[in-house]
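Could you build the full structure based on these sequences and the hints that come with them?
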Amino acid sequence: MTIEEVRKVDIIVVSQPEFVKEGDTLRVEYMVQNSGNKKEKLVLKTSRGYIENSRDSITLDPNTKTTVTVAQIIPFTEGNAWQSASDLTAEMTGGKDAAYQAASVPVFSSKIKKIDPYYRFSVEIGGGYLSYMYGNQSNIAYQYSALGKGFIDQKEKHYVDFTVRGPNQFVFPAVGSYDQYSLDYTYKRKTSVSVGDYVMQLNNLMEFGRFGRGARLEQQFRRIGYTVFYQKSRFYPNQKEAAGGKITFKLNESSSVGLHYASKNVAYYRQQFWSGLLGISAHVRTKDIQLETELAAGSARGTKDYGAFLRLQVNKKWMSVASNVIYAGKNFYGFYNNSRLINNNVGFNITKKLTVGLGSNFSDVNPSLDATFYSVSPKDRSYLAYIAYQQSKKHRFFVFYSTQERQDRQKPVDFHYAEEFGNISYNYNSDKFTLSYQGRYGLSQNRLVADNTGKKEFFSNLAQPTVRTTRWLWLGGYLEHQHTSKFSSADIIENLFFYGGNARIAIKQNLHANFLYRNNYAPDELFERRSYVDVSVMLDLKKHRFSLAGGRTYVPNLQNTNKNTLFLTLKYALKLNIPLSRKKNLGSLKGRLTGAGFAKQGNLIQLGSHKFMTDSTGTFSFEGVAPDRYYLSITQNDTKNEGVIPIVKMPMLLDVKADSLKVVEIPLTRTGNVVGKVEFSAKNQQGVSSALTEKPIVLVKLSNETCSFLTELNEKGEFSFKEMIPGNWNVSAYIPGNQDRFIIEESNRQVDLAINKTMNIVFRMRPNEKRIHFSERNFEVSVKK
Numbered sequence: 001m002t003i004e005e006v007r008k009v010d011i012i013v014v015s016q017p018e019f020v021k022e023g024d025t026l027r028v029e030y031m032v033q034n035s036g037n038k039k040e041k042l043v044l045k046t047s048r049g050y051i052e053n054s055r056d057s058i059t060l061d062p063n064t065k066t067t068v069t070v071a072q073i074i075p076f077t078e079g080n081a082w083q084s085a086s087d088l089t090a091e092m093t094g095g096k097d098a099a100y101q102a103a104s105v106p107v108f109s110s111k112i113k114k115i116d117p118y119y120r121f122s123v124e125i126g127g128g129y130l131s132y133m134y135g136n137q138s139n140i141a142y143q144y145s146a147l148g149k150g151f152i153d154q155k156e157k158h159y160v161d162f163t164v165r166g167p168n169q170f171v172f173p174a175v176g177s178y179d180q181y182s183l184d185y186t187y188k189r190k191t192s193v194s195v196g197d198y199v200m201q202l203n204n205l206m207e208f209g210r211f212g213r214g215a216r217l218e219q220q221f222r223r224i225g226y227t228v229f230y231q232k233s234r235f236y237p238n239q240k241e242a243a244g245g246k247i248t249f250k251l252n253e254s255s256s257v258g259l260h261y262a263s264k265n266v267a268y269y270r271q272q273f274w275s276g277l278l279g280i281s282a283h284v285r286t287k288d289i290q291l292e293t294e295l296a297a298g299s300a301r302g303t304k305d306y307g308a309f310l311r312l313q314v315n316k317k318w319m320s321v322a323s324n325v326i327y328a329g330k331n332f333y334g335f336y337n338n339s340r341l342i343n344n345n346v347g348f349n350i351t352k353k354l355t356v357g358l359g360s361n362f363s364d365v366n367p368s369l370d371a372t373f374y375s376v377s378p379k380d381r382s383y384l385a386y387i388a389y390q391q392s393k394k395h396r397f398f399v400f401y402s403t404q405e406r407q408d409r410q411k412p413v414d415f416h417y418a419e420e421f422g423n424i425s426y427n428y429n430s431d432k433f434t435l436s437y438q439g440r441y442g443l444s445q446n447r448l449v450a451d452n453t454g455k456k457e458f459f460s461n462l463a464q465p466t467v468r469t470t471r472w473l474w475l476g477g478y479l480e481h482q483h484t485s486k487f488s489s490a491d492i493i494e495n496l497f498f499y500g501g502n503a504r505i506a507i508k509q510n511l512h513a514n515f516l517y518r519n520n521y522a523p524d525e526l527f528e529r530r531s532y533v534d535v536s537v538m539l540d541l542k543k544h545r546f547s548l549a550g551g552r553t554y555v556p557n558l559q560n561t562n563k564n565t566l567f568l569t570l571k572y573a574l575k576l577n578i579p580l581s582r583k584k585n586l587g588s589l590k591g592r593l594t595g596a597g598f599a600k601q602g603n604l605i606q607l608g609s610h611k612f613m614t615d616s617t618g619t620f621s622f623e624g625v626a627p628d629r630y631y632l633s634i635t636q637n638d639t640k641n642e643g644v645i646p647i648v649k650m651p652m653l654l655d656v657k658a659d660s661l662k663v664v665e666i667p668l669t670r671t672g673n674v675v676g677k678v679e680f681s682a683k684n685q686q687g688v689s690s691a692l693t694e695k696p697i698v699l700v701k702l703s704n705e706t707c708s709f710l711t712e713l714n715e716k717g718e719f720s721f722k723e724m725i726p727g728n729w730n731v732s733a734y735i736p737g738n739q740d741r742f743i744i745e746e747s748n749r750q751v752d753l754a755i756n757k758t759m760n761i762v763f764r765m766r767p768n769e770k771r772i773h774f775s776e777r778n779f780e781v782s783v784k785k
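In this text, residue positions in the sequence shown follow the numbering used here: the first is 1, and each later residue adds one.
Since the hints were derived computationally from the structure, they do not count as laboratory data.
For glycine and all other residues, C-beta sits at the position ideal for the given N, C-alpha and C.
Check before you lean on any hint, since a few could be wrong.
[Stated by the list, open to error] Ranges of calculated distance between the beta carbons of each label pair, as one might list FRET restraints:
(1) Ser489 with Lys575: 52 to 62 Å
(2) Val6 with Ile743: 17 to 27 Å
(3) Ser681 with Pro726: 29 to 39 Å
(4) Asn427 with Asn704: 48 to 58 Å
(5) Phe459 with Lys316: 31 to 41 Å
(6) Thr617 with Ser681: 34 to 44 Å
(7) Val195 with Asn495: 35 to 45 Å
(8) Pro62 with His483: 25 to 35 Å
(9) Leu661 with Met613: 17 to 27 Å
Right, dumping it as structure tokens:
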């Protein structure tokens, strides 16, 4: 006799609501059963919500079960009716396939609001207070603001987006809230016009992102598109104005080519002159390859120069390649000037979890960034070889060896060093806790010291933990120690400590707050704007929004000794929905509750987000409803209607069409009950069958042509189905998990359920008695050749 190992876990939906409302907690009960013959340790997971009153890991003996409840809060949406999914996964050890089960429950809107007969446009108006100080200069400003965006017609052909914010013009735009007057208009998503202040992005080489004042026109046809623009730069002193455009030809769904031209009035080294730029571009985007390339020529002050750009990404199942190249000559006055960038990375996917690769970076770029960014790109040369290992979704390891050289562009120079080191990084990510760790060890050469050829040992450790203490609060920390001489002008080894913390608060959808603190930054991190203290709070009260922001910020490249900037902003916005026109093509729905002997008044009928209370005749009505698909539900408030339910399945899914009246009738009826038990019959055989003393798990199902219900037995072996619609039902009992040790006699029954009656059903279950029959005959077995 051979006994084989059987590993099998079943998940069955035991209980789920017929429907839920937005804002409610959806709870679905699952039965997890070990149908095998080995003790199983299971890890329970759900992709939505959380597992209630149960640990993430459980152990089940053979032929045992447990009940697990998966809960989730149903979010508020703009839809009238939709489906919410619930699922449960039980992962087994040893690489065995996980068991999975899911359920889908109808959701309808719970927001009480009147049916709006008007088509509206969303607008916000408000004002703000701003105070900031850098150097020895202090500034205070007050602003008004108005902004809005959306379609202005019911056919959604005309889209408008505008911003009015003023009247102050700040010399220091890094803290935001500068004055802005802009209007964007789009027609049929093909023609777009921008007037006033806007961000111009022509291409990567000529104008990658410039905020200024002017006008722009864009049109896109089936195979061809074009852009023309004129703009005066606002926050970049080296450029006064620019004009130009581009034309793009679509070759197919995955590739296009373009021709670009720009003329700029630029200012360099106290000279102001015009520069003309002409270029071509190509784009290819397929499943495996993404290619973007540009070539441009520029002419300024009688001198010609050139620029080139390349971005390539290749993603195969076993390999990935990424390459970025930027070149701009000394007399090329596009978005880049006198710039070189060569960045390459190749990775090989050894397995699904393991990747090895090589990378290199040569960066010496001078991007013409607006003053809103305040970033100065350092010179960088580096090479690395790496190994990345993704053990699971929670654990990730990254190990590499690198040599690099970095040099500060600012004056005076705060860092210039060369180093070679090994790095190990680890990331842990779970729902309630995350951790990032980075450790480095190597040798560094401080080139701030003239003619310094010596290398010194350095090491560093960095940890960033984040914990979710409650559903609405996240707390994080920053801890770093560097043992190095690369920032010392005297090449002396220093112990540098950097620490900080952050907090994030999100209470429902109304209150959001963020806090950040850092004591300091390493010198090679201060090439862009950094926050030492950053506080932001936003309170959203549907029609009113209050916001506060402030902090202490470091801004590089400012011409003052104190680069720590203090700022504080307070803002208020009033949300308005301005009526533009009466809605057209609306529909209506009317209905009535029917049936004798029931209280028809005071029943709540809900159609999507609209609600109606029935009158004394059970009539309800919804006028001016937008055409859509809705769920119609009924909530009976009268205690006299206990044991009374609709005959039709609820919630009812129906369509409201434009310019039409939908009429529904909901018949009510009194209900009946089905109760019963499963009796366990004694066994007749002795021997092996006598070991079958454990009673198996039995489920009972009640079903008809339109719906079904499932329940399990209580401790006494009893079951019940209460408040069922009268009619023909099928009652069946079965043992889940395909167990053949027991037999349920007459496991399917047909019942005719009558009003106010209770049907009693008894199922009998006995062991499946198996016998071995011996024959006195002799059998000869031969094989044909």
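Taking the hints in turn, this is what the structure says about them:
Ser489 and Lys575 have their C-beta atoms about 55 Å apart, which keeps the hinted 52 to 62 Å range intact. Restraint check, Val6 to Ile743: a C-beta distance of roughly 20 Å satisfies the suggested window 17 to 27 Å. Range check, Ser681 to Pro726: Cβ separation about 32 Å, and the 29 to 39 Å hint holds. The hinted window of 48 to 58 Å between Asn427 and Asn704 holds, with their beta carbons roughly 53 Å apart.
About 37 Å separates the C-beta atoms of Phe459 and Lys316, a value consistent with the hinted range of 31 to 41 Å. For the hinted restraint 34 to 44 Å between Thr617 and Ser681, the CB-CB distance of approximately 55 Å leaves it violated. For the pair Val195 and Asn495, the supplied restraint of 35 to 45 Å is violated, since their beta-carbon distance comes to about 57 Å. Remark: the range hint 25 to 35 Å for Pro62 to His483 is contradicted by a beta-carbon distance near 57 Å.
With their beta carbons about 20 Å apart, Leu661 and Met613 fall inside the hinted range of 17 to 27 Å.
In this structure, the earlier hints numbered 6, 7, 8 are contradicted, and the remaining ones agree with it.
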